[in-house]
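Trainee: If you want the building blocks of each chain, they are given just below.
2 protein chains.
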Amino acid sequence: MLYLIGIGLSDPEDVTVRGLELIRSSARVFLDAYTSILSVGKDRLEEFYGRPVELADRDLVEQGDVILAAAQSADVSFLVVGDPLGATTHADLAMRARQRGVAYRVVHNASVLTAVASCGLQLYTFGETVSVPFWDAVSRPSSFLDKLLGNWERNLHTLCLLDIRVREPTMESLLRGRPEFEPPRFMSCSVAAEQLLALLAEVSAAEDNADLLADSDAAELRNRLNRRKQLPPPERLLTVGLARLGSPDERIAACSLADMASRDLGPPLHSLVVPAPRLHPVEAEFLRQFADTEADAALVDASAAER
Amino acid sequence: MLYLIGIGLSDPEDVTVRGLELIRSSARVFLDAYTSILSVGKDRLEEFYGRPVELADRDLVEQGDVILAAAQSADVSFLVVGDPLGATTHADLAMRARQRGVAYRVVHNASVLTAVASCGLQLYTFGETVSVPFWDAVSRPSSFLDKLLGNWERNLHTLCLLDIRVREPTMESLLRGRPEFEPPRFMSCSVAAEQLLALLAEVSAAEDNADLLADSDAAELRNRLNRRKQLPPPERLLTVGLARLGSPDERIAACSLADMASRDLGPPLHSLVVPAPRLHPVEAEFLRQFADTEADAALVDASAAER
Chain A
17 MLYLIGIGLS DPEDVTVRGL ELIRSSARVF LDAYTSILSV GKDRLEEFYG RPVELADRDL
77 VEQGDVILAA AQSADVSFLV VGDPLGATTH ADLAMRARQR GVAYRVVHNA SVLTAVASCG
137 LQLYTFGETV SVPFWDAVSR PSSFLDKLLG NWERNLHTLC LLDIRVREPT MESLLRGRPE
197 FEPPRFMSCS VAAEQLLALL AEVSAAEDNA DLLADSDAAE LRNRLNRRKQ LPPPERLLTV
257 GLARLGSPDE RIAACSLADM ASRDLGPPLH SLVVPAPRLH PVEAEFLRQF ADTEADAALV
317 DASAAER
Chain B
17 MLYLIGIGLS DPEDVTVRGL ELIRSSARVF LDAYTSILSV GKDRLEEFYG RPVELADRDL
77 VEQGDVILAA AQSADVSFLV VGDPLGATTH ADLAMRARQR GVAYRVVHNA SVLTAVASCG
137 LQLYTFGETV SVPFWDAVSR PSSFLDKLLG NWERNLHTLC LLDIRVREPT MESLLRGRPE
197 FEPPRFMSCS VAAEQLLALL AEVSAAEDNA DLLADSDAAE LRNRLNRRKQ LPPPERLLTV
257 GLARLGSPDE RIAACSLADM ASRDLGPPLH SLVVPAPRLH PVEAEFLRQF ADTEADAALV
317 DASAAER
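Chains A and B, in that order, give the protein sequences. Using the working numbering, read the first sequence as starting at 17 and increasing by one per residue. Using the working numbering, read the second sequence as starting at 17 and increasing by one per residue.
Keep in mind that a hint or two might mislead.
[Claimed, not checked] 30 Å max Cα-Cα, derived BS3-like pairs, lysine-lysine: (1) 163/B <-> 163/A; (2) 58/A <-> 163/A; (3) 163/A <-> 245/B; (4) 163/B <-> 245/A; (5) 163/B <-> 245/B.
[To be verified] Looking from chain B toward chain A, a few residues come up when the C-beta cut is under 8 Å (computed): (6) 108; (7) 122; (8) 140; (9) 314; (10) 317; (11) 321.
[What the hints assert, rightly or not] Computed footprint of chain A on chain B; a stretch qualifies when at least three of its residues, placed anywhere within it, have a C-beta under 8 Å from a C-beta of chain A: (12) 26-36; (13) 110-120; (14) 125-139; (15) 166-179.
Rather than coming from a laboratory, the hints here were simulated on the basis of the structure. Nothing here was measured: the structure is a model prediction, and the numbers come from that model. From the three backbone atoms N, C-alpha and C, an ideal C-beta is built for every residue, glycine too.
Required output: the full structure, derived from the provided sequences and hints.
Mentor: In structure tokens:
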């Protein structure tokens, strides 16, 4: 039997009682070590579980043979931070288990997708979740802005999941053919805010040069600009930063997008929320406790008042 | 200190290790007994926790005085099925705690909002969640259909949370002024499907009588009809029923809306999903395992093929 066990958001004690029992009675215990990451290391997990934990990288999970072969003859636990089927890769693992005649069972747990309610915004008024990827020299994906605007137009909140890069091979090691890894990187709310600011600025700058574009490109640009203009300027666009949700040193901050780019919310993991333009009064009242300054509080109040 | 503790989806063992420790060290333990319900009773919880559990009805929670007074001088646990801040009422309790100078802390857990991924649909492509309320002689709310169509147009899945009526006073007891309660009622997937079918049929019937309506009503009706026409007929509209998610006798069924109205998925709790019109191939492949008949499987395949 293959148990897909969610281990929650931050500490070893976040596993469920059922999950812990299954881990302790499994022949082997694997930990997904690349789609997400706990704020604690493997050592603390092993100590708490009283079992050795094998780190599973992308190759091991996506090929799946080691895990599935083990699960064919014994109970195997595959541990996932958050809830187990949040990432497509794990649905894929469950599917391949089934194809090989290995039964699987899911043990659910908390996920950032619901823990985000800690900021006081109602889960029922969140729209589509978006992912904000790290930009680099060759790639600056921006489709998350279009999805965010789609939610905004319908007065829905947007949860932005921020990029995580774990076990990325270095360029040198790829050339040498012997894998060495970059240190793990986690996008902070300030970096996400910077990318969003850059994107909004770029679209504005492009407007000035629209005459130079082919007609079809210009039409698309005008369309994006018109949608973008619904957003208030960055100094008046409310955002909520969430850091280390569910842990004792959880930190939540409500401030403008412009300010978020320079807020330090401490160590990972971070998530960013762009609330709907008009908040329910209860949402605004709850969110206000996370406003650090008078200006932040005024911004929250304005979102409620515009209802 | 007030601990808002999620106890997960179905069994006593679904509490987290941290949650269990806090419950056992609390002076009093309250259980939210009206926004949701575990499939097990208070007795099994008390046995498992080794602590007496006090049922908190809506009045007790919304006034909050008993709970907050207790939390002012000692540790108090307030238990909520699923994740603690999913329902507005609990955000309200946390806010009033804070106003009275009582610190609160949230212990997260699994929620149907993420456990729904067990059917294989990706959480990132769910739109706004909707609630389907029981209809009665005086009220037939239908706004959930408009939200569902909004998701459908954007190729997003819709999770429909189905109504729960716990501790509803009987009409007779209201007249006598002494509260007696109706037996708890839980909406099944088949009842939700019936209401949805009725709603779609009503809109069609109304079309024939549009000439009789005032101009403004007729315009609104035409608008609703046009949006509704995007949906395939009920025999070809794929739906997914989910029953007792996370428990050992979990049941998931993928079939047409027309068929769902006569499927018996067993005891509560149920949730219904209307998948987006075009599924990712991995989603369709996963979902196919929950198709009971050839016709069901063909319907799932068609959703993938239309991509």
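Trainee: Work down the list of hints and note, for each, if the structure agrees.
Mentor: Hint check results:
no. : hint            : result
1   : 163/B <-> 163/A : holds, 17 Å
2   : 58/A <-> 163/A  : violated, 36 Å
3   : 163/A <-> 245/B : holds, 25 Å
4   : 163/B <-> 245/A : holds, 25 Å
5   : 163/B <-> 245/B : holds, 15 Å
6   : 108             : holds, 6 Å
7   : 122             : holds, 6 Å
8   : 140             : holds, 5 Å
9   : 314             : violated, 19 Å
10  : 317             : violated, 15 Å
11  : 321             : violated, 18 Å
12  : 26-36           : holds (count 9)
13  : 110-120         : holds (count 3)
14  : 125-139         : holds (count 11)
15  : 166-179         : holds (count 3)
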